[in-house]
Amino acid sequence: MRKKLSEMLLNKSLKDPQFHEQSNAQDIELKKQAISVHYEQNLSTFKAIYSVPANIDVKIREFTVRSTNRHAFIIFLSSISDQRVIQAGITEKLIVNDIPNKSIPDLCTGTFFSTETIIGKILESINSGNTALFVDGDEQCYLFDTANIQGRAIGKPDVEVIVKGPKESFNEKVVTNISLIRKKLKNENLIVESMIISKRSKNDVFLVYQKDLVNEELLQNVKAKLHSLDVESIVDLSILEQYIEERPRSLYPTTLYTERPDRAASFIEEGHIILLMENSPSSLILPTNFWALIHSPEDHYLRTPYGNFIRILRLLAVFIAMFTSSFYIAVTNFHVGMLPPDLLMAIAGTRERVPFPALFEVLMMEIAFELIREAGLRVPSPIGPTIGIVGALILGQAAVQANIISPIVIIVIALSGLSSFIISDTSMNFAVRITRFLFIFSAGFIGIYGASALLVVGLFYLVSLESFGTPYFAPMTPRFPSSKDMIIRHIPIKERFRPGYLKPKDMGKQGKG
Amino acid sequence: MKQHEKVGIRDYTSIVILMMGTKATENTPSAFYNDVQSAAWMIPLISAGFFLIPLFLLLKTFSVFQGKDLFVVVKKLLGKYIGFFVLLYLFIISSLAVSFDTRMYSDIIHSFYFRRTPLVVVYIIFLLVCVYGAKKGIQHIGSVSYIMVWYIIFSFVLAMILSIMDSNIRSIYPILGSGIPDIIKSSIPGTTLFADLVLLTVLLSSMSSFKDFAKGTWIAFILTAIHISAAAFIFICLFDRSLGGLGYPFHTAIRYFSFGNFLTNVETLFFPIWLMAAFIRFAALLYICTKLFAHIFHIKEAGYLIPALATIYLLTGMIPETPLDVALVFKAKIRLIAGPTFAAISLLLWTVALLKGEFNYAKHKKGM
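Taken in sequence, the protein lines are chains A and E. The first sequence runs contiguously to residue 752 in the numbering used here. The second sequence runs contiguously to residue 370 in the numbering used here.
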């Protein structure tokens, strides 16, 4: 009996869920057909497809072409197309012009796009802001480039802030983004390839690369990955990132997400591939490695000693952010002997009246810090400052006075929290912050031994990560020829090679005419 | 775009340095001291001298079979049956060495840092990390060792410099310790320090080239010989006669010295770095042992073998009752036989290759 029951349950859970879906086979069939020669039939077909007049921003204008005296109509989406261009370039010319027997492309001054016969293709074109012109008796329809999609202007980067260097950032219009890159790389070998990756929303992704640099195998690899996606809609680059990553569950990122066109351009110059998408104020750099993720563009804009200074500072910050809390726990719980007696007394003195174990105390404060941080990010800006005051005052001062937290823990958390802000890459930043918790637990479990064990395991894990076939710690290990731009960088004149792990078609950066 | 399946010379050399260099931090120096007193520092050098010829001949033999690993060479030279026993012998000896060595390292961690933690817990964590590393494969072990090797060397040199500050050069006399015959006699089992080099030929098929392998082996061989000798020398100067009674002189030393007047107990700073070296060393050894085992018994899914072997090592490693048993009974026996027999195996391989005319054949092939 029990067997039967469990079998029944198992069978039920194994079956795919059944949905009552409506078949859209008819629509799909329709989209494959060619348009009709008859004016009336086309008009009714497109009215039906666009649900006119329920759909308010679909505009259809019927008129007579004066020169040939034939009926015609144009159809466009008024919200994403420029109506002045349509008026001046298409309708006015066709209605007013009376030179007999001229062809449509000769009559219209609007930017001519193409002619098309398949309904599905025409719909795609209209949906991206173009205008379609149907003339009675013509087998094809005329498409005009009239897209005018609204968006914000080029702004300053918000996340990757720098002091010295360009201050433009990508915005939501991909055309602007491409032009920002073209502005920096004036080269005919810069290729912008577009590819439709989703089935329903038809989201475009743009691959930007230098034809004479990028490794062919890498390019094919990326394209194959993009082609293999089988999804209805990918609305943003940050979601695409998760689709194409090799290990989406990994704590450490394997793609570089940047909002700076100058950074994207410099990576293209080295033979990387950049992905751009409509509606994403950023670019995705493939492949990437550990070093690119902890670098900041400012490292290169500053003079070499200053650039290296902030790099070393950043590396130090990574260590402080990861290990201070766990080191504190390990030392106070397991290796008390290593502290000088005076310091030990000082710590013990502050902890005298705190009822909690050190691990709990640190965890509590770390979580409080993360809470303040997250709340500060989400809070509407008018009440933003309140969060800082509440956080600093209540959680810092009052917690100490109430003997819940010892002052030394506040110092430890403040130090590690502050340091965690230094890594500008959002994903890496999260990775470091989460890793910190793992170290806290391991140090709480078995002191320095646990932390070292976790560090070695972590290193083994990190070196085994790959980003599109590129090892995470390349070119340090496994070694590849490169400009050695890793922990520190050399002066620009000594940076003579492109990174070897990309196998670019051209390794040398200098001395070529 | 798989482009990194081979181990490069840097990664390989750092693995070898970590594998052999860590021997200076266990009981080796004090074992030598018990044998020959103040001449203990000479043993690594003289043993290196003894091992020079077998190593040279071993590399010469392998150079004929460009890029082929130990398995292929043994099978080709010694045949299926004798080859099987030779490999089995290598596996058993190295397995015992790994299991008693890991036990010894757990003993060190247990007795110096975690007195109240049960030894088994320390031991299990130790092996877990090694298993994880070994499962990642030799390329990744190489990468991690290259990342860490500079810090490890730096911290070791720092420890040595700090030890020198408290040491007394006069402890080194009498310079010949208990006499030349004793030194020679102890130097023969002393070759065990370099026995790992024979095992490392297992990795040849995953190396970028034979040239890298040979070069890396020589660099690591010379460096570690000097390194262990220097360590023994400094420990003698630091501890004098009490070195004989110390189990693990390195750990006593890092407890002994201080970093100026403020930081008096710095062992917790050296401990994690030493630990990392140990983890990498045993991850590599575990990987090699698994490879040997998988080859001897024709097991294809070697990945699952690693945890299984580690469990067996844990069980055999727990047999000795006390740390003293590990050091003086179990490990001492391995130390006595591993080096000489491994050297004998390399000599055997070379002799067979010579008799079979492999060298002539290779020369002939080159001439064509």
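These are calculated hints, taken from the structure and not from any lab test. Some clues are possibly wrong.
As the list claims (entries may be wrong) - Taking beta-carbon pairs under 8 Å as the criterion, some of the chain A residues facing chain E (in silico):
#1 Gly390
#2 Ser691
#3 Ala692
As the list claims (entries may be wrong) - Below, simulated SDA-like cross-link-like pairs (lysine to any residue); rule was C-alpha separation at most 20 Å, straight line:
#4 Lys742/A to Lys8/E
#5 Lys217/E to Phe719/A
#6 Lys8/E to Glu705/A
#7 Lys8/E to Gly739/A
#8 Lys8/E to Val618/A
#9 Lys723/A to Arg12/E
#10 Lys8/E to Phe719/A
#11 Lys8/E to Ser418/A
#12 Lys8/E to Ser703/A
#13 Lys406/A to Ser418/A
#14 Lys8/E to Gln141/E
#15 Lys8/E to Gly708/A
#16 Lys358/E to Gln141/E
Yeah, the Cβ is synthetic: ideal placement off N, Cα and C, and Gly gets one too.
Hints, verified against the model:
The beta carbon of glycine 390/A comes no nearer than 36 Å to any beta carbon in chain E, farther than 8 Å, and the hint placing it at the interface is violated. Taking 8 Å as the C-beta contact cut-off toward chain E, the hint placing serine 691/A at the interface holds, the least distance being around 4 Å. Because the beta carbon of alanine 692/A sits about 5 Å from the nearest beta carbon in chain E, less than 8 Å, this interface hint is met. Between lysine 742/A and lysine 8/E, the direct Cα distance comes to roughly 16 Å. Compliance with the 20 Å bound is thereby established for this hinted pair.
Taking the CA atoms of lysine 217/E and phenylalanine 719/A, the gap is near 19 Å; set against the 20 Å cutoff, the hint holds. Under the criterion of a C-alpha separation no larger than 20 Å, the hint pairing lysine 8/E with glutamate 705/A is consistent with the structure, at around 15 Å. Simply put, lysine 8/E and glycine 739/A have alpha-carbon atoms about 16 Å apart, close enough for the 20 Å limit, and the pair holds. In summary, the hint linking lysine 8/E to valine 618/A is not supported, as the alpha carbons are separated by about 51 Å, beyond the 20 Å threshold.
Note on lysine 723/A and arginine 12/E: the hinted pairing holds, with a Cα-Cα distance of about 15 Å set against a maximum of 20 Å. Distance hint between lysine 8/E and phenylalanine 719/A is fulfilled; the C-alpha atoms sit about 12 Å from each other, no more than 20 Å. Between lysine 8/E and serine 418/A, the direct Cα distance comes to roughly 42 Å. Violation of the 20 Å bound is thereby established for this hinted pair. Distance check on the hinted pair: lysine 8/E and serine 703/A sit about 14 Å apart at the alpha-carbon level, within 20 Å; holds.
A distance of roughly 15 Å separates the Cα atoms of lysine 406/A and serine 418/A; the hinted pair therefore holds under the 20 Å criterion. A hinted pair counts as satisfied when its Cα atoms are at most 20 Å apart, and lysine 8/E with glutamine 141/E qualifies at roughly 7 Å. Among the hinted pairs, lysine 8/E with glycine 708/A is consistent with the structure: their alpha-carbon atoms are about 14 Å apart, no more than 20 Å. Only pairs whose Cα atoms come within 20 Å are accepted, and lysine 358/E paired with glutamine 141/E is rejected, the gap being roughly 34 Å.
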